[in-house]
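Undergrad: Heads up: the protein sequence lines correspond to chains A and B, in order. Position 8 (the first sequence) corresponds to 7 in numbering that gives the first Met the number 0; numbering is contiguous. Position 104 (the second sequence) corresponds to 103 in numbering that gives the first Met the number 0; numbering is contiguous.
Think of the hints as simulated: they come from the structure by calculation, not from any bench. Yeah, the Cβ is synthetic: ideal placement off N, Cα and C, and Gly gets one too. Hints are not guaranteed to be accurate.
[As the list claims (entries may be wrong)] Coverage of chain A stretches by chain B, computed from C-beta distances (three or more under 8 Å per stretch; other residues unrestricted):
id, region
1, 78-87
2, 222-232
[Stated by the list, open to error] Okay, the calculated beta carbon distance ranges per label pair:
id, chain 1, residue 1, chain 2, residue 2, range
3, A, Leu61, B, Arg100, 40 to 48 Å
4, A, Glu77, B, Ala92, 26 to 34 Å
5, B, Leu46, A, Arg20, 31 to 39 Å
6, A, Ala86, B, Ala88, 25 to 33 Å
7, B, Arg57, A, Arg17, 26 to 34 Å
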Amino acid sequence: MSHPRRVALQPGHVLHQRPYRDSSLLVEAFTPDFGRVGLVARGARGPRSRMRGLLQPFRPLLLSWAGGGDLATLVGVEADGPMRVLAGVGLLSGFYVNELLVRLTARHDPHPALYHAYVAVLAGLQDSGREEPALRIFEKRLLQELGYGLLLDREATSGRAIEPERLYRYRPELGPVPADEGAAQYPAIHGRNLLALAHERPDFDAEGLREAKGLMRNAIARQLGDRPLKSRDLFQGAPQRRSGARGSGGDA
Amino acid sequence: MPHLPVVQRLIEALRCLPGVGPKSAQRMAYHLLERDRDGARRLARALDEAGERVRRCRLCRSLSEDELCEVCANARRDRSLLCVVETPADTQAIEQATGYRGLYFVLMGRLSPLDGIGPEELGLDRLGARLAEGEVRELILATNFTAEGEATAQYISTVAREHSVRVTRIAQGVPVGGELEYVDQDTLSHAFRGRRDL
Ligand SMILES: [Zn+2]
Numbered sequence: 000m001s002h003p004r005r006v007a008l009q010p011g012h013v014l015h016q017r018p019y020r021d022s023s024l025l026v027e028a029f030t031p032d033f034g035r036v037g038l039v040a041r042g043a044r045g046p047r048s049r050m051r052g053l054l055q056p057f058r059p060l061l062l063s064w065a066g067g068g069d070l071a072t073l074v075g076v077e078a079d080g081p082m083r084v085l086a087g088v089g090l091l092s093g094f095y096v097n098e099l100l101v102r103l104t105a106r107h108d109p110h111p112a113l114y115h116a117y118v119a120v121l122a123g124l125q126d127s128g129r130e131e132p133a134l135r136i137f138e139k140r141l142l143q144e145l146g147y148g149l150l151l152d153r154e155a156t157s158g159r160a161i162e163p164e165r166l167y168r169y170r171p172e173l174g175p176v177p178a179d180e181g182a183a184q185y186p187a188i189h190g191r192n193l194l195a196l197a198h199e200r201p202d203f204d205a206e207g208l209r210e211a212k213g214l215m216r217n218a219i220a221r222q223l224g225d226r227p228l229k230s231r232d233l234f235q236g237a238p239q240r241r242s243g244a245r246g247s248g249g250d251a
Numbered sequence: 000m001p002h003l004p005v006v007q008r009l010i011e012a013l014r015c016l017p018g019v020g021p022k023s024a025q026r027m028a029y030h031l032l033e034r035d036r037d038g039a040r041r042l043a044r045a046l047d048e049a050g051e052r053v054r055r056c057r058l059c060r061s062l063s064e065d066e067l068c069e070v071c072a073n074a075r076r077d078r079s080l081l082c083v084v085e086t087p088a089d090t091q092a093i094e095q096a097t098g099y100r101g102l103y104f105v106l107m108g109r110l111s112p113l114d115g116i117g118p119e120e121l122g123l124d125r126l127g128a129r130l131a132e133g134e135v136r137e138l139i140l141a142t143n144f145t146a147e148g149e150a151t152a153q154y155i156s157t158v159a160r161e162h163s164v165r166v167t168r169i170a171q172g173v174p175v176g177g178e179l180e181y182v183d184q185d186t187l188s189h190a191f192r193g194r195r196d197l
C-alpha cells in the first residue's frame, strides 16, 4: 500500500514515544484513517520544544506529517480538546491498552472503528470504578477489528441461542459450548455475561467481571503468542481494585 | 581531505554526547586540537578520573565517589523524608532550588512497559525494602509530569501504602511570573484541579 506524502490535521493519539537520534522523538501514533503510524518529531527533545509537552499518551491531538516511507516526519501537532485525566488504575490500564495496540496492529493499516473504540475506552478509563467493563468492551472490539471476533450470542456447534442462566465453556476459535458437554479446560462464563459482551451492556457483577476477564485474557493471549504484555507487571503491585489488565483467567 | 585516523577517532568519541551530531563533533575536535590543547588535556584527565571514581550510592543510587553519597551520608539530613526522582539531574535540581532536608531515591528511569521497563527494572523492590525498614514517614513523589512519570508515581504510591507510609506528590501549576492568558491549556487545567484553600 502506498502512503500519502502529506497529511494535515489528522486526529490521533500517541501510543508511545522514545528518544530518536540526537534530539528527536520517535512517536508511535494511532489515527482513524491511517491506523498506527511512526512519526519522527525533529528536535522535540530540546528543552524549549513545545511539541514535547503535547506528544504525551492519552492526549487527543491533531497531527500533520509529511513523507511516504515507514517513518514520516511530524510537521505539526495541536491539542484537540482538553487533556484526559487518567489516574490510578485507569492510567495503568491506559498503558495496557496502548501496548495491545502496538503489539497487535500493523503500521499503516487503517481501522476507523478501532480508533473509535480506543477513544471510547479512554473515556471509560476516566470513570473510576468502571475501568474493567470499559476494557472488556475494548478487547472485544479489538478482536473483532483484527478479524478474530468472538461468537457471543449463539452456541458454537448447535447454533442455539445463548441462555442467560446457563453456564458455558468458551472454546477458542469456536465459541461457547454448554459447560455440561465437557471442554472443562476452557474459560467458564455464564450466558448472561456472554450476552452482555455481545450487546456491549457490561453491567457485570463481581462474578461477571471475573468471567469476562477470563474469556478475554484467553482470547487475547492467543493473538499475543509467546511474549507476554509488559504492562501486566504494573498491576501486580496494586493490591486493591485490581484492574482488568491483571487477569484471573490464565494464559491459553 | 579526510581526517587523520586519530582525529576521526576523537570525532567518533565525541558523538557519544547527547545532542552532538557529526558536524558539531568535528567542530569540537578541531577546536580542541587547534585552539585549546590545554583544555583538551584537562578534559581528558577529568573524564578519565570521573570514569574511574564515580559509582552509584548504595542507598539512593545517584552518583557518588564513596559507598554513600554526600546526601545519604549526611547525619543532619532528615531520614524520615524520602523523595523519589527519575534521574540524578532531578536530585541536583531539587537540591539547588529548594531547602529540602530529606533523602532521595533515584529510579534511573520511569515505568515504560513498551520499552520493557517495569517495576523490577526500576528496582522498586529495593524501594519497598527501604520502606519496610520503617524509618521513612513520608514519601515525596517527584517523578516527571508525563504519562509515564504519573504512572510511576501511581505505582509507587500503592507500594508505599502497603507499608503505611504517607505519600505526597509535588504540586503542578502556573509558573512563577506566568500570566494565565499565556499558560498552556494542560498546565492551566492541572493548576485548576490542584487549587487549594487560602
Ligand atoms: Zn545517596
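Undergrad: The hint says 31 to 39 Å between Leu46 (chain B) and Arg20 (chain A); measuring C-beta to C-beta, is that right?
TA: violated, 24 Å
Undergrad: When I compare C-beta atoms, does the region 78-87 of chain A have three or more residues closer than 8 Å to chain B?
TA: Coverage by chain B holds here, the residue count being 7 at a Cβ distance below 8 Å.
Undergrad: Lying within 40 to 48 Å: is that true of the beta-carbon distance Leu61 (chain A) to Arg100 (chain B)?
TA: holds, 46 Å
Undergrad: Indicate whether the distance between the beta carbons of Arg57 (chain B) and Arg17 (chain A) respects the range 26 to 34 Å.
TA: holds, 30 Å
Undergrad: Within 25 to 33 Å: is that where the Cβ-Cβ distance between Ala86 (chain A) and Ala88 (chain B) falls?
TA: The hinted range 25 to 33 Å holds for Ala86 (chain A) and Ala88 (chain B), with Cβ atoms some 26 Å apart.
Undergrad: Does 26 to 34 Å hold as the CB distance between Glu77 (chain A) and Ala92 (chain B), or does it fail?
TA: holds, 30 Å
Undergrad: With a cut-off of 8 Å between beta carbons, are at least three residues of the region 222-232 of chain A near chain B?
TA: holds (count 4)
Hint compliance for this structure: hint 5 alone is broken.
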